[in-house]
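Number of protein chains: 2
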Amino acid sequence: MPRYNAPVEDMKFLMHDYLNLQQYSTLPCFQEATPDMIDAILEEAAKLTENVFFPLNQSGDQEGCSWDDGVVTTPKGFREAYAQYVEGGWQGLTGTPEYGGQGMPQILGLALSEMMVASNWGFAMYSGLTKGATESILHWGSDEQKATYLPKMMTGEWSATMNLTEPHCGTDLGMLRTKAEPQADGTYKISGTKIFISAGEHDLTENIIHLVLARVVGAPEGTKGISLFIVPKVMVNEDGSLGEQNGVSCGSIEHKMGIHSNATCVLNYDGATGYLIGEENKGMRAMFTMMNEARLGVGLQGLAIAEVSQQNAVDYAKDRIQGRSLTGPKNPEGKADPIIVHPDVRRMLMTNRAFIEGARAYAMWTGVQLDMAIHHPDEKVREQAEDMLALMTPVIKSYMTDQGVEAASRALQCYGGHGYIQEWGMEQYLRDSRIAPIYEGTNGVQAMDLVGRKLPAKGGEPVKAYFAMIHSFIEENKGNAELEKYLAPLEKALGRQQAATMWLMQNGMANPDNAGASAHYYLNLMALVTMGYFWADMAKKAQEMLAAGEGNEAFLKNKIVTADFFFTHMLPETAALRAKVEAGAEPVMALDAEAF
Amino acid sequence: MPRYNAPVEDMKFLMHDYLNLQQYSTLPCFQEATPDMIDAILEEAAKLTENVFFPLNQSGDQEGCSWDDGVVTTPKGFREAYAQYVEGGWQGLTGTPEYGGQGMPQILGLALSEMMVASNWGFAMYSGLTKGATESILHWGSDEQKATYLPKMMTGEWSATMNLTEPHCGTDLGMLRTKAEPQADGTYKISGTKIFISAGEHDLTENIIHLVLARVVGAPEGTKGISLFIVPKVMVNEDGSLGEQNGVSCGSIEHKMGIHSNATCVLNYDGATGYLIGEENKGMRAMFTMMNEARLGVGLQGLAIAEVSQQNAVDYAKDRIQGRSLTGPKNPEGKADPIIVHPDVRRMLMTNRAFIEGARAYAMWTGVQLDMAIHHPDEKVREQAEDMLALMTPVIKSYMTDQGVEAASRALQCYGGHGYIQEWGMEQYLRDSRIAPIYEGTNGVQAMDLVGRKLPAKGGEPVKAYFAMIHSFIEENKGNAELEKYLAPLEKALGRQQAATMWLMQNGMANPDNAGASAHYYLNLMALVTMGYFWADMAKKAQEMLAAGEGNEAFLKNKIVTADFFFTHMLPETAALRAKVEAGAEPVMALDAEAF
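Sequence order for the protein chains is A and B.
Residues in the first sequence are numbered consecutively from 1, following the UniProt record's numbering.
Residues in the second sequence are numbered consecutively from 1, following the UniProt record's numbering.
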């Protein structure tokens, strides 16, 4: 049986030491978020996820959800666990106090998300989209809509979904057919079929608020004719009580590779009552508020699954004895050494570790950008933070989910044959992890978003700001002898990314397929450079703290070793990635489609 | 529902054109293997695997095996399919005519294996170890043992297993505890528990011949005290008829991530009668005959799963319409273009294609080496072939199985959300594929076998011969303008491998952990260089045939395009791999085990 312990120490290091959240204490969301409060929240979240959600993870996978004539039953224990989540007020942790939220910083929301997914991915998904839907309604909805839906969504008493995909259209939303017919009372009748709706139907909440993309009758074709609607599962009366069932039903649930405990639904809308959010034909804009939030969240899922997989792989590698160390017995009294002495097992564990801790720094830093974008008094700072988020979102989503799969796979490999056997739990992590590179925009879509949209945005200002951030870091620290081993390779890697960017600008214009063929490599190149930046910066902080005699010495020294590993064993991939970017589209596109 | 069509055209190109098997027609195994005979066998194998085995693949996965009080029932249809396999004489295709085999070249056996695994991995595993066991008995067994077991194993009427792993020992066989007590009649009583025994119990054959590693009472500790035994499930009477049940029983079957239709068994030996193969305490040597065979077979499984995944991903990518080509509509009458127009989808399909066709050339060439090693009249040639096989076996096992997982994962990704849903079949391929990097020696073990055993073997002669083979190819073709685009990067990549080899020799001696930490990277570097050699050589053959107006023009041109892709988009990884090799063990091993 696997175990999970929330990585609270690492989170505290990032929040208090590395990111020094105290510096933002004048921002509204940080006023109550004192270090003590942050620690208390992290520790309570750890307890909840370790003791309540995690024990239901394997049983939830094995039992799965069941569907009976439109009614979906979640696995044993999920209702009680969800009730505890609601009771603890966790859903509203970072929500606006105006509608009952606790107004805590976004970074705490990210930490909670990581713990929830690591402890029980399928369970976490029942509440996973409620926050994004809340943001959408908050941002684009009418006051009445806000008053009707937000308070119950903020508590988690109602959950929410995101309805984009239809059988014939996923990525290409321009083809969507779900129809919205305007009614005399200002509502719309929604009809059509949506598929792959996560948590589209379940027994955890008394209502489910579906956010649905549909086309108003007579609207333009393509994405310009798409509107966003609130379609509650159960109608809400004027006094806030629940009324009749709305015209939406769950036609079936999917049998999937993983996340068995979450119901992935076909939802049939049959003249369901819908309420327009914002303006007609401006649905994509409003949906993107939710989608960007969701994409960051999915990136975090990659980190989360890597963390829990790694914890168990480490336990196994310390416990399982097999063979002797190449440099002489390390457990001479035993019949063999624990397999953690073997360099190839170490290689896998260190690769995971360097990914996990680097990605967590990356994600938590993004959390700060989220708060800056919302709360900073200076409009310019808000805009810069928003631009940085826009640039980083596809990188985080794609890189972290791909690496989440790889990390889960490496962790499984550490177990040898036992990794392939259900009862050990590792194969579930790999199965669960494999959805993340697909949903909320496949990783190919993320790469195109980065290269086709985010790089050229605002005349390239955001990417220039990104380069400047890393470049300044290198320049500012050049005298620091202890950092030299990081700065030189980081500068080289940054140079590769800049060259690749130049190549894309020159060749992507001439032939857009060059951008398309290189996008995946470019995104990963950018991710590695960014990770390199965070690793060098964290190593710097660790060195400073060690010099000052602050913090946990062993913890800080381990950060430095892990940074060393990242720079010597992972960052070198940037060489190959640059070459692949610059290899261009020709051999990728040369074959006739029929030749495949 | 997925489909499978055996890649007969590519196999024919490799056998007739690229490898020109006709040149070996003086060797015994090739005398009857005329081109027409080869084609007929490939076509019959294609029919059997496509029409009989493949239709049971998804149902076999969903139904799985069942265990009831020691009796294992295979999924519906497996008994009938296996009967057809036996009736067609497929088990003995490459077996020695002395015991009823057909004496065909090994390369045909590899082609058959690829088709069997691609069509139905779980089913293929029921007969997958019989050939290796046959070879072991043939090589090390007594005449009586050969006469008793080989004829029925050659027909497939009896299957066989390989019993190494015990609960506390997998890689480290020195710890094995299964006990063999000598009896007055020359037999032994075998007692102990073996786990992870593929096809250890099933209802397809009337007998199962277990090859079991055990320790004779009083034998030395470690691997020097291990002997190999034949333990039939059902005792064989002197007249060849079946007698009593032997003292071996199936305690349970595992619930696994994939290959559900194959029974992975716990086998309990309770004083079972065993017959020593060869000498006492020389069991490892005899088992390695079987294991090397098995490792090549497992490498092929990676290729096979990549092939079937790719076929379906290609179909989906041509059929699914979504979005428009970046260079303008390619399907202007339709609402969208097929997704194969998108460069990132192409990138995935081309990567798979270049892996598959390169790996098939690599594997088929290995098949020729197998025949050379057995049949060539010149002892020196036999030895060279054996050395090359020994060097290549870990590379093929590790590289092809890792890439098999990656290829199945990329194919799944092409499907978007549908790839994650059971009914489309792609998630089964990914689940099935994930066992291959683990069994028959984890890929970490393969890497250590390469670096620690195969490189230094015979004073480095085999690896020098390998370098010379690629180096001569480059030198011999340097005037060829059409090959220049391959030769220059191949030479560079080879230079990287040679430098990495030198680094290993210098640093692996000083600190064996350097060899251990670099082994995985080194193996993959060697695999890519070898793939580069086969791709350049195949492109050369294709160019020659095109110039001579021979063969299928479109097929040959596609080979050249795919070679271009390999050299520009895949071979560049050698740069990163060299850097990782030379990064050494320090940051890998620096953390205290307790710090994890």
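Treat the hints as calculated values from the structure; they're not laboratory data.
Please note that a few of the clues may not be correct.
[Stated by the list, open to error] Capping the alpha-carbon separation at 27 Å, the derived lysine-lysine pairs in DSS-like fashion look like this:
hint: 1; chain 1: B; residue 1: Lys335; chain 2: A; residue 2: Lys224
hint: 2; chain 1: A; residue 1: Lys179; chain 2: B; residue 2: Lys335
hint: 3; chain 1: A; residue 1: Lys492; chain 2: B; residue 2: Lys335
hint: 4; chain 1: A; residue 1: Lys282; chain 2: A; residue 2: Lys335
Structure-based check of all given hints:
1. B/Lys335 to A/Lys224: With a Cα-Cα distance of about 15 Å, the restraint between lysine 335 of chain B and lysine 224 of chain A holds, given a limit of 27 Å.
2. A/Lys179 to B/Lys335: The given pair, whose Cα atoms are some 18 Å apart, holds under the 27 Å limit.
3. A/Lys492 to B/Lys335: violated (45 Å)
4. A/Lys282 to A/Lys335: Judged against 27 Å, a Cα distance of about 68 Å means the pair is violated.
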